[in-house]
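Undergrad: One-letter residues, chain by chain:
2 protein chains.
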Amino acid sequence: MGELTEDIGFLLARVSGEVVRATNAALAPEGLRVRHYSVLLLACDSPDGISQRAVARILGLDPSQVVALVDELAQAGLVQRQPAPTDRRAKLVTATGAGCRVRERAAARAAEAEQGALRSLSGDEREVLRALLSRVAESASDAAYAFE
Amino acid sequence: MGELTEDIGFLLARVSGEVVRATNAALAPEGLRVRHYSVLLLACDSPDGISQRAVARILGLDPSQVVALVDELAQAGLVQRQPAPTDRRAKLVTATGAGCRVRERAAARAAEAEQGALRSLSGDEREVLRALLSRVAESASDAAYAFE
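Listed in order, the protein sequences are those of chains A and B.
Numbering-wise (my numbering), the first sequence opens with residue 1 and increments by one.
Numbering-wise (my numbering), the second sequence opens with residue 149 and increments by one.
Bound conformation, chain A alone:
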């Protein structure tokens, strides 16, 4: 069955953990962790707002985890919940001006941390890695949609 350290699942967990650790450390001065930053980024990139359900699907998190992250970001004044125009009972998450300014600084810090964690790969190799991971992620999303 081969060595554990040759197993793709093991390597994925190891490398992913390393990038998350490095990025969390880089984001600490902004008071954010990776998951907060991901939610903030989605909110900033959705000028009309994004539902917590959509955030949960994109990030692969439970809706309850997303609610907690949005609560913390809202307390920090970085996002707010607004009623959806089409259904006032549904809430959409939008970023505040302060949130988008923090996002810009956080993005630069996160990019630097990621570059550091992936320093052993050339630019071309990073693109290959990104393309392969992207294919796997898309097929996983398709499978998840099929069960929705």
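There's no promise every hint is true.
Stated by the list, open to error - Pair by pair, the computed Cβ-Cβ distance ranges are:
1. A/E3 <-> B/E260: 13 to 23 Å
2. B/S194 <-> A/R21: 25 to 35 Å
3. B/D235 <-> A/D124: 40 to 50 Å
4. B/S268 <-> A/E125: 16 to 26 Å
5. A/Q82 <-> B/Q223: 43 to 53 Å
6. B/A176 <-> A/E3: 21 to 31 Å
7. B/Q213 <-> A/T5: 14 to 24 Å
8. B/D235 <-> A/S120: 28 to 38 Å
9. B/P177 <-> A/D124: 38 to 48 Å
10. A/A54 <-> B/R237: 50 to 60 Å
11. B/P231 <-> A/C100: 53 to 63 Å
12. A/Q65 <-> B/D272: 32 to 42 Å
13. A/E3 <-> B/P231: 18 to 28 Å
14. A/R57 <-> B/R274: 25 to 35 Å
None of these hints come from the bench; they were simulated from the model.
Even glycine gets a Cβ: it sits at the ideal position worked out from N, Cα and C.
Given the coordinates of chain A, assemble chain B onto it according to the supplied hints.
TA: The following block gives chain B in isolation, referenced to the frame of chain A:
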């Protein structure tokens, strides 16, 4: 700064989470989760035993997490702690016969789950992914050793 879903760190977390979820589901009939299985595998592959410190380093876990995992595996009769021949205060983890039999079944289940999660990649593409991840993991280990 680009789309979140194009970010390598994001993709790593997403794909790794997907493989862990699939593998945990596949290992459930054996009463194991991925982390137990990884510890069991290391114990089975170390006939002379392996220290909890070494397990922690290889898996990128805190030593306290490894102690808890070894406790659970020992309660299930799959591993045991023995005094190290060179230093009786140090304990080495070894697998029991039952542990190695469970490991064989678990390895087959885990491999099948991983194949399923990575089904969108060809065999060659999996090898490229493995090689790139391996390089990143090695450079991260080197950096960790430098601080030990």
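Undergrad: Against this structure, judge whether each hint is valid.
TA: Here is how each hint holds up against the structure:
1. Hint check: A/E3 to B/E260, Cβ distance near 18 Å, so the stated range 13 to 23 Å holds.
2. Range check, B/S194 to A/R21: about 26 Å between beta-carbon atoms, so the 25 to 35 Å window is met.
3. The beta-carbon spacing between B/D235 and A/D124, approximately 48 Å, falls within the hinted interval of 40 to 50 Å.
4. Taking the beta carbon of each, B/S268 and A/E125 are about 20 Å apart, inside 16 to 26 Å as hinted.
5. Between A/Q82 and B/Q223 the beta carbons are some 50 Å apart, a value that agrees with the proposed interval 43 to 53 Å.
6. A hinted range of 21 to 31 Å holds for the C-beta pair B/A176 and A/E3, which are about 24 Å apart.
7. In this structure the hint that B/Q213 and A/T5 lie 14 to 24 Å apart at CB holds, the actual value being about 18 Å.
8. About 35 Å separates the C-beta atoms of B/D235 and A/S120, a value consistent with the hinted range of 28 to 38 Å.
9. For B/P177 and A/D124, the hinted distance range of 38 to 48 Å is satisfied, since their beta carbons lie about 42 Å from each other.
10. With their beta carbons about 54 Å apart, A/A54 and B/R237 fall inside the hinted range of 50 to 60 Å.
11. Distance hint for B/P231 and A/C100: a CB-CB separation of about 59 Å, consistent with the stated range 53 to 63 Å.
12. Distance hint for A/Q65 and B/D272: a CB-CB separation of about 36 Å, consistent with the stated range 32 to 42 Å.
13. In this structure the supplied range 18 to 28 Å holds for A/E3 paired with B/P231, their Cβ-Cβ distance being about 27 Å.
14. Between A/R57 and B/R274, the C-beta spacing of about 26 Å keeps the proposed range 25 to 35 Å intact.
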